[in-house]
Each structure stands twice: as C-alpha cells, then as structure tokens.
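Order-wise, the sequence lines are chains A and B.
Quick note, my numbering runs 5 ahead of the 1-based positions in the first sequence.
Quick note, my numbering runs 350 ahead of the 1-based positions in the second sequence.
In case anyone wonders, no lab produced these hints; they're calculated from the structure.
Where hints are given, some of them may not hold.
[As the list claims (entries may be wrong)] What the simulated footprint calls covered on chain A by chain B, stretch by stretch (three residues with Cβ under 8 Å from a Cβ of chain B suffice, anywhere in the stretch; the number is not a length):
1. 33 to 46
2. 54 to 64
3. 392 to 400
4. 427 to 435
[Said to hold, decoys possible] Keeping only pairs whose Cα atoms sit at most 27 Å apart, straight-line, the calculated DSSO-like set for lysine-lysine is:
5. A/Lys15 with B/Lys674
6. A/Lys54 with A/Lys349
7. B/Lys674 with A/Lys176
If you're wondering where the values come from, they're calculated on a predicted model, not measured in any experiment.
Glycine included, C-beta positions come from ideal geometry on N, C-alpha and C.
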Amino acid sequence: MTGYSPKLEKIISAGIDIGTSTTKLVISEFSLTNVAGSTHVPRIEIVDKQILYKSPIFSTPLKDHVTIDVAAVVSIVKAEYDKAGIVPAQIETGAVIITGETATKDNAREMIDYLSDEAGEFLVATAGPDLEGIIAAKGSGAYEYSGDNDNVIANIDIGGGTANIAVYKAKELIGTCTLHIGGRLLEFERGKVSSISPPIQKLLAAHNRQLHIGDDAQSPTVDFVLGFMADYLNAILTRKADNNEAALLLGHLPNWQEDIDVISFSGGISECMYQHESHQYAQASYNDIGIQLAKALQTNQDLQQFTWIEPIETVRATVLGAGTQTTEISGATIQVSPSDLPMKNVPVYNFSFEQDFQTGTDSLEKKIAEAIDMFDAYHEGQNFALYISELPHMSFRAVQKLADDIRQMMERRPNPDLPIVLILQTDHARVLGQTLMAMNVRQSVICIDQINVEHGDYIDIGRMLESGVVPVVVKTLTFHSS
Amino acid sequence: MNEQLVEQITKMVIEKLQTTKTTSTSQIKNNDEMPVKLFQNAPTGNLVVEKETANTGTDVKFVPIVSDKKQPEIKSVTKKTATEELTKSRAKKEEVLEGLRKQTPARIVVGRAGTRAKTDTWLKFRFDHAAAVDAVYGEVPSELLERLGFIQLHSKVVDKEEYIRRPDLGRRLSDQSIATIKEKCKRSATVQIVASNGLSAKAIEENMEDVYLSFEQSLKNAGIETGTTFYVENGRVALMDEIGEILQPDIVVILIGERPGLVSAESLSAYICYKPHLGTIEADRMVVSNIHKGGIPPVEAGAYLATVIQKILKYEASGVSLVKKEG
Chain A
6 MTGYSPKLEK IISAGIDIGT STTKLVISEF SLTNVAGSTH VPRIEIVDKQ
56 ILYKSPIFST PLKDHVTIDV AAVVSIVKAE YDKAGIVPAQ IETGAVIITG
106 ETATKDNARE MIDYLSDEAG EFLVATAGPD LEGIIAAKGS GAYEYSGDND
156 NVIANIDIGG GTANIAVYKA KELIGTCTLH IGGRLLEFER GKVSSISPPI
206 QKLLAAHNRQ LHIGDDAQSP TVDFVLGFMA DYLNAILTRK ADNNEAALLL
256 GHLPNWQEDI DVISFSGGIS ECMYQHESHQ YAQASYNDIG IQLAKALQTN
306 QDLQQFTWIE PIETVRATVL GAGTQTTEIS GATIQVSPSD LPMKNVPVYN
356 FSFEQDFQTG TDSLEKKIAE AIDMFDAYHE GQNFALYISE LPHMSFRAVQ
406 KLADDIRQMM ERRPNPDLPI VLILQTDHAR VLGQTLMAMN VRQSVICIDQ
456 INVEHGDYID IGRMLESGVV PVVVKTLTFH SS
Chain B
351 MNEQLVEQIT KMVIEKLQTT KTTSTSQIKN NDEMPVKLFQ NAPTGNLVVE
401 KETANTGTDV KFVPIVSDKK QPEIKSVTKK TATEELTKSR AKKEEVLEGL
451 RKQTPARIVV GRAGTRAKTD TWLKFRFDHA AAVDAVYGEV PSELLERLGF
501 IQLHSKVVDK EEYIRRPDLG RRLSDQSIAT IKEKCKRSAT VQIVASNGLS
551 AKAIEENMED VYLSFEQSLK NAGIETGTTF YVENGRVALM DEIGEILQPD
601 IVVILIGERP GLVSAESLSA YICYKPHLGT IEADRMVVSN IHKGGIPPVE
651 AGAYLATVIQ KILKYEASGV SLVKKEG
C-alpha cells in the first residue's frame, strides 16, 4: 500500500489492432498514483499516459480470404517489441483487438488467444463490433470531446470491412451501431473489379443491380454502391433507417435516443480524408474503394448537416484506444489472493440490490442459481464473477449476512473449489473479503471494487500492483456472426 | 433533507405552540387533518387588477398598476420555435446545473430570491446547523457501549461547557478512570482501541459499531492482538498520549466524533499513533477521517484501518515518520 506516499508507479501497456486491412501496435506507459488526500482511503488512478512506441502500419497478413496468417502476425509483434526495446514480461496490461471483417475469419479466436499468451501474460483479447466502436471513439478523441461540451457526438470508425459507430454525450455512451461500410468491400485489380464482398452482393441483388468480377472499376454501379453507403450512413445517424434496408446493417439498428450534433471519422477511411500519416500510408494504394468512399462521404450533402470535427488519430484510433483506454484500476481496498491472478475471461453476472438489503438478500439465492445455470450449463466448472451493484448503506451485520449467503451459494457451484470472484460497485470489497476470510471459506477469494461492468461482459483481472490495486479490463468476446 | 421533512418538523412545532396557547379540544383533535403548507402554490392576497375608471368630475385619472397589455413578441413570426428553443435551452441549462450540484454535497447553485437565499435553502441550513449543535451536545446511548462491551470512562472534564472551554482537560483521564484502566485493561497489547464521543455523539451512535466490528475482524484475520477497548466520555485526540504512558501498547487507535459541519454531523475519525507518550508531536499522529454513510463506508473503513496498522507495525512508525521510512 502506498497510502501516504505521493510516489508514482509505472506500468507498461500494449495495444495491438488486427484489422481487415491493417495491423498496428502501440506501447505506452501509465503512471499510477494515490489521488486521495492523506486522511482518506487511498484512491489509485492513472494520472498520466505516455506513448512509448508506435509501430508502422502493416498490411494484415492473411493466408487466404478466410484465414489469418498467425505466424506472420506473431513475428510482426515480436519484431516491433524488439524495436520498442521491451520484452513481453514487462507488459502488465493492454489489449489485443481483432476488428472489422477480420473477426469473422476462420481462425480469429485461436489467433487472438494465442497472441494474448505470446505477447504478454496479461494482454487481453477482445473482439466485438460494439467494443470496437467504443475503443475507436476513445482513441479518436471523440470521447474526450463529449466531456467538454454538451453536444452529442458520433464517432464513425471505418476500416476495411465495417463502420463502427459509437455515440457519446458527456462522456457517457448512449448508443452503438455497426454497418457493412468499409474500403475493402469492393476490391480492384488493374482497373477491374476483382472482389465483391457478400454484403455488397446482397445490396446489389436487393436493388436489381449487376456487378461482376472483371467489370470496369469506373462502372456506374460502383458509384451507386458508394452513394448508397453515404446515404445509408446518414439514415442511420438520423435514426431514419429501418430493417428493410438491412443489407448493410450488422446487428442492431441505432439504439441511441438523442439527436446527433457532431460527427468525427476515424479508421482507414478517415486517413484518406485527413492524411495524418506520412507518405508511407497515404501512398499505399489499396486497390479498393477506400479513397472513393472517403470522397463520397465528404461530398454527401445530407452528412453536411452535422458539424464535422477532425479526429486526433485517424487510422490509429483503435490501436491507441486498445493500448491506452481499456485498462481500469480497481479500488485500493480490496481482498485478492495473489496466486490466482491474473485471471482471464471470467463472465460477469450482475446482481443489483436496488438499494434495498432485504429484497436483495431475498432474491440473491435464486439469482446465483441462475448464474450457475447460465455460465455452467454443462457443469464443466466454468467460473463466473458476481457483480454486486446498488448496495444500500451496509452495517457490519449486513455484510456478515451477505458474506454468509455468498459462502453458502458458492458451495453449490458444480465445481465449488473454484475461487470466489466478487466485484462490488461500491467501496466494500475489503470488508466483504475480510468477512469471508473470517468465516474460513475454503476457496480463495478475489473481491475487488469500484469497477463498472455490465451483465454479460467478460472481465480480466491482472496481477496486484505495488499500489495494492489490480488492473482490470472489461470486454466482450462476441465475434461477428455474418 | 427534503421539503416534506421541513414541513413535518414545522408542523410539529406549530402543533406544540397551539397546544400551549389554546386548550380547545376540537383543534387538537383536528390536528391530523390540519395540513401545514410552507410554500403557497398559488398567489394569495388581493389579486384584483385595478381597471382604468372613467372618473367624471375630476382631472385625476386612475391608471391600472398591472398592465394587461401583452408584452410585444420579440419575434412574432417564429413565436413557437422561439419558445421551444427557450424551453430547450432552459432544460439544457438545468441539466448542466444539476451536473454541478452532483459534484459536491455543498450548497451550490441553489438559486436566490432577491438578495437572500430561498426559504427552503434557508430552512435546510437551519436544520443542518441544528443537527450539528445537537451532535455536540448529544449523548452516546450507553446501551450501544454496553452491547460492544466497552468499559465507560471519563476525561478530567466535568461537563460539555468545560469540554469546549478547556481542551487540555479533555486530553487527560480522570483519576478514577486511570485507576480503572490500571486495574482492568490489558497492558502492552499490540493495538489499543479507544472510543470517544469527541465533538459528535451522533458519529459514535451511527458508525461506531460498524467500524469497530469490521476493524476487530480484520485485526483478528491478520493475527494482531488487541487490548481491552474502552470508551472515554468527553475525550480529545491527544488523550492517546496518556493512555500510551499507562498501558504501553504499540499502537493506540482512537475512534472519535469529528467536529460537525453542515454537510455531515455524524462523521467519525480514527487517529492512529505508534507508541504515543506524553510529548508526542502532532506530526507522528495519522488520521483516517470522513467515516460516515456519505464518506468512507464505516464497514470498509474498519477493514482499511487494519491495513494501516499492518503498515505501521512493519515500519514501526506513524505519521510523517512513516512516510519518511517508506521512502
């Protein structure tokens, strides 16, 4: 515990983004310190983030259209670590994110798990279109922007395969949406169409348009596709799209309730708009509709009704977000068993007390039974983290009752020997953990607090740092299904 | 505090006034139905608008004070959108103000009526001030102390007035109390816990049990031995020095009611010192303050205190000396 010392603790974080067309990496250093006054319970926060190294932008190595070249990705990562002068063992947090269409590749999941083991012990694997949008919005600066004024901002991260929209208001996520809009959806070779992705085929069929491999790249049908993409993006942003036009929709319709005032673009398409990178990237001709798509969006009349802001990062927004914005720090008064950390991929079950202890404890038993059924339907011994939110003011006797209930219910898990993992929203982890210890529970206990998670999230808990806190990465592991 | 509570209290006061003034039984009977309203929803008084009267015979002309002529529209063409804009911008403004209020328990952005605070703000202020005064002069229920098994002792102070005037007397135990601890308390324990009402009896009443039980549990988990806990009426922080001299524990922890403020009148502090003795300098004491429902949750504070104790034992120092040793 560094409760009374102002010293900084530094940890290294890595972010790796494997996208449909490009792969990149950043290494950064976080400074942690106690920001609470010396008479208070310490509160450890990340007070500074320094980017130590940014990799060049590599083309994502693919073996063929459906397989990622794992060996090639790993060798890129290792070479970049060497250049940055770090070894995997130094990396204490961070995320590997596999984005866009790449996430649908056959071996995406194995790839990401393999890499998170190879590239640093606590480098977590993430994927999922909503999360991509969120991470990109943080890397592009849109999230920060929303905190400075009361405009509603949508960050649209468009890469090779998908457009991931995340809408923020006052730093609060108010909605997400993912579309099949991206630079790689139509590819060319020597001025001729060489590849038409399934969503585009579907779109063309729905509108009775014809486009074939070998057609001229200047074909009016290509212009139709570009125009349609821009119009559809506008329809989505203004919430006027409906399911009938679903060819380009991936997942759900927009779920935000407020009108968007400002938009920002990040991702490869944004690079085509703003040219932040030096020539190496701008000159790279991708032989696809990327540059034309950027132009189509910029010239679309309807999209001009929004205020456009230039992002801080274009093509690197996601990797920056993954490297610097995914880690949260737990409360400083927690109870963890060091030998059980790091702990990865623990599904979260949310249980809200709704500010009433009695009703809470009454239904706790039923809910925990549900959680066991949900996460371990086949009784294989999959553990879960119980997230306890909305606790009312707790007396010591109430804590004892809660601990006792938890102890009894955790015994009923198919594999009761697994550690008891508890995440509390409010600052109660130390006392609950201590109470469980006092009851001599036979399992080891991981009890942390002041982390916000949602039902269905997955959580990775890192090793305890010198400051007595643990880094936590909250994520979702849903891969695209299309 | 909400307006309902203000109304309820006011109602009680008025009821009391009425029962002393009049013995009319019917009025007492009807008390339940008599609603007390502090804030009129509709304007009262003479609301008749004076009309211009054609007064014949004199040259004096009566002009209505209240003009019923409508204010000219600023933009009569866009009247609807203008009002809509106004409501929207007001709502947005209110949202921003609410955000500010949420940042602090202090009374900010409460509005005003002319040059003074609004009545409800004023009443809340009076209520909180009264609560603070009550906390100082209140008494700790001895039933609570008995339940926790605390021996009950006194400082050299005779009453609350003296307690406030003579801080020095609050730092020493009464002769009888010294005799009692010499007789009943364990000597040279690792941790000696002391409780005192200090300036807020309410702090003890609300938080002591939760902090103490949680603290005791965590010390036990860590295998740290505790002495015989006692309660000192009207004590001050430096009382720990004399206790250190008499019982010679490694660490004294005094859980004491903080001076009440207008945000909370029930905040508890834990002052901790390694081997306190008469002459201990203030820099060697440390404190975990703001323990109450709106601050550090009492149960968590208890568990945290044990971590602090472990650190003090490790470095054999507290306060500034501890920070220095930690490096």
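Cross-check of the supplied hints:
no. : hint                   : result
1   : 33 to 46               : holds (count 4)
2   : 54 to 64               : violated (count 0)
3   : 392 to 400             : holds (count 3)
4   : 427 to 435             : holds (count 5)
5   : A/Lys15 with B/Lys674  : holds, 21 Å
6   : A/Lys54 with A/Lys349  : holds, 24 Å
7   : B/Lys674 with A/Lys176 : violated, 39 Å
Hint compliance for this structure: hints 2, 7 are not met, and every other hint is.
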